[in-house]
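Visitor: As you go down the protein sequences, you meet chains A and B in turn. According to the working numbering, the first sequence holds residues 83 to 463 in order. According to the working numbering, the second sequence holds residues 46 to 309 in order.
Since the hints were derived computationally from the structure, they do not count as laboratory data. Glycine residues also receive a C-beta, built at the ideal position from the N, C-alpha and C atoms. Each hint should be verified, as a subset may be incorrect.
[What the hints assert, rightly or not] Here are the simulated lysine-lysine pairs, DSSO-like style, with alpha carbons at most 27 angstroms apart:
1) B:94 to B:281
2) A:344 to B:94
3) B:262 to A:344
4) B:155 to B:244
[Stated by the list, open to error] Non-contacting residues of chain B with respect to chain A, defined by C-beta distances greater than 12 angstroms in every case (computed):
5) 119
6) 203
7) 247
8) 275
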Amino acid sequence: MSIEFLSDEQREIGELARRFADEQVAPQAARWDRDHELPRETLTALGELGLMGVCVPPELGGSGADFVSYTLVLEQISRADAGLGTALAVHTGAGTMPIVVHGSEEQRQRLVPPLAQGHEIASFALTEAGSGSDAGAMLSRVEEQGGELLLSGTKQWVSNGSQAHNFTVFALDPAAAMKPSAFVARRGAAGMTLLGEAEKLGQHSSSTADIGFDATPVERLGEPGDGMKIALSTLDGGRIGIAAQATGIAQAALDLAVGYAKERVAFGRPIGGFGAIQQKLAEMQTEIEAARALTLRAARLKDAGLSHTIEGAQAKLFASRVARHWTGEAIQILGGYGYTKDFPAERYFRDAKITEIYEGTSEIQRLVIARGLLGEIARED
Amino acid sequence: MKICVLVKEVPDAAVQKKIDPSTGRMDRSGEKNLNPYDTHAIEAAMQLKESGAMAVDEVVAVTMGPDSAERALHKAVSLGADRSIHLADDSLAGSDVAATGYALSKVLEKEAPDLVLLGQQSDDGECYTIGAVVADHLEFPSLTQVIKIDVEGGTKLRAERQAEYGYDTVEINLPAVISVGDAINEPRYPSLKAIMGAKKKPLDKVSAADSGIDAAKVGGDNSAAQWTGSSEPPKKEAGRIIEDEDTAETVDQIVAWLDERKLI
Chain A
83 MSIEFLSDEQ REIGELARRF ADEQVAPQAA RWDRDHELPR ETLTALGELG
133 LMGVCVPPEL GGSGADFVSY TLVLEQISRA DAGLGTALAV HTGAGTMPIV
183 VHGSEEQRQR LVPPLAQGHE IASFALTEAG SGSDAGAMLS RVEEQGGELL
233 LSGTKQWVSN GSQAHNFTVF ALDPAAAMKP SAFVARRGAA GMTLLGEAEK
283 LGQHSSSTAD IGFDATPVER LGEPGDGMKI ALSTLDGGRI GIAAQATGIA
333 QAALDLAVGY AKERVAFGRP IGGFGAIQQK LAEMQTEIEA ARALTLRAAR
383 LKDAGLSHTI EGAQAKLFAS RVARHWTGEA IQILGGYGYT KDFPAERYFR
433 DAKITEIYEG TSEIQRLVIA RGLLGEIARE D
Chain B
46 MKICVLVKEV PDAAVQKKID PSTGRMDRSG EKNLNPYDTH AIEAAMQLKE
96 SGAMAVDEVV AVTMGPDSAE RALHKAVSLG ADRSIHLADD SLAGSDVAAT
146 GYALSKVLEK EAPDLVLLGQ QSDDGECYTI GAVVADHLEF PSLTQVIKID
196 VEGGTKLRAE RQAEYGYDTV EINLPAVISV GDAINEPRYP SLKAIMGAKK
246 KPLDKVSAAD SGIDAAKVGG DNSAAQWTGS SEPPKKEAGR IIEDEDTAET
296 VDQIVAWLDE RKLI
């Protein structure tokens, strides 16, 4: 960790997350992966420590720490279990923060405290079967009936979907000439159905659910027609979180590979004594430090209230590639053992891939970066 | 009642510890942390306070050290201490255990605690003795390596000590000084709120003069124990590896080796 530049509080928060990750998460991560389970108690324990609302203001029940602290927590938790990292990132960054930022005062006071304290879980429902990166192609819509807003449609791959109490949902809005608006749906509302869990390559401890809405009563979040603005600004911050998560997964792979290189003896000496392994590990560590530095840079910009769209995209693009590439190389260093479930290298590898896809694919990150670089000519109709 | 917990800032566990050969003191330039044994002492104080077995009004963390030691106090209050005292004075630098214990006892005298708790050892100096020195100056009874504390009612505690041969059960009257081992409890996690609020809890910075410390009794030059040198432990001889080709022969070789050394 580039701890030299962190404040005392940031260091202590990172240290707390490290200890929690090592003691409460890492020893169970393989089992959660195998059982496709994330125990509610773990989220409750995180909530009790204030880790479910790290960057939520204290007057809304949060811990009132900054975004840098939040990324430090995400990195540490993801180092132990990336699925829990996803649950935490979606809960806080995608689920809770849009209400903090865009909710009315009444919504903030009512909805945020139970989320910030971990009594309730939040999620974010944007993607549909036919609408991913092109969020505007969504089909879900609301209708106003007798003063009530009713939402109908199917949202896909809703992280935390099966556990969440509070859903930030996006749908086409007649009050905004059928442009998307943001809404809040509550678990148990009429017409809401859990349609099933996605079978995934990795991150098995994280719930990824399809949710059906059939004339489900919802409340509006923000102004009519602001859906895309709210979704994109949420993802601006969310990307920094995913960059931190990817850095954590890569760090876990490095720690494992270094430990193995010191212990595994081949041809009469620990394999760390061989140049081929040394070169790999040196490069791996350097790239992880670079990923961390890009992540902290984007987080600092966000804390300073400065634009961080490009920087967040760069952090995510780079860190996710580092995680995907080096978790594969960690398997290589462990050889046949790395390919087995006796070691966590294969789990890191499976968990890392999605960081290049969710909260904006790497291709979208490059598009964001290119538009910043080239301006109008990078946009085409 | 008041519990004072003695805490210390030490090099982080991940830092390779070394002696600065020019001063004979530990090189404390790297990453530092609160002495892990002291976190058990704070936890013990918090458990006594929260259990209600003893009416504890406040838990006060006390340290002696340079400016950076403030961080150890912030950590101590994030783990539950109500306030902290930082004894910092250039004249104290280089004090040996006896001088450090004397200086801390002067701060404690003013606080008049009913119980002083501390970790049984520091992760750097590992002298194990500071509690005994403090107790001697305060004229309090003292226990070391305690792994269980029960309140016997009134001003009496029953403690279990971890000794080499087993466990001692000892009753002790308050006020007392007790050093605890890491088996006594599992220190809690500080909450984020506690971390964020740590700097808002009262921290008194006191000098040697404020505490009535006799300057002639502290500091490197006035310490009775003087470091004169250090050396690496002797290298172990390389062991002998016996390949197990014929087990009967291997056993014979091992027995012969042990016999040669009069080990059997």
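Visitor: For a C-alpha distance cap of 27 angstroms, please report whether residue 262 (chain B) and residue 344 (chain A) respect it.
Guide: With a Cα-Cα distance of about 49 angstroms, the restraint between residue 262 (chain B) and residue 344 (chain A) is violated, given a limit of 27 angstroms.
Visitor: For the pair supplied as a hint, residue 94 (chain B) and residue 281 (chain B), is the alpha-carbon distance within the 27 angstroms limit?
Guide: Roughly 49 angstroms between the alpha carbons, so the hint for residue 94 (chain B) and residue 281 (chain B) is violated.
Visitor: May I ask you to check that residue 275 (chain B) keeps its beta-carbon over 12 angstroms from the closest beta-carbon of chain A?
Guide: 28 angstroms, holds
Visitor: Would the pair residue 155 (chain B) and residue 244 (chain B) pass a check requiring their Cα atoms to be no farther apart than 27 angstroms?
Guide: 23 angstroms, holds
Visitor: Is it the case that residue 203 (chain B) keeps its Cβ farther than 12 angstroms from each residue Cβ in chain A?
Guide: 30 angstroms, holds
Visitor: Are all C-beta atoms of chain A more than 12 angstroms from that of residue 247 (chain B)?
Guide: 17 angstroms, holds
Visitor: Would the least Cβ to Cβ distance between residue 119 (chain B) and chain A come out above 12 angstroms?
Guide: 6 angstroms, violated
Visitor: CA of residue 344 (chain A) to CA of residue 94 (chain B), is that 27 angstroms or under?
Guide: 46 angstroms, violated
In summary, the numbered hints that this structure violates are 1, 2, 3 and 5.
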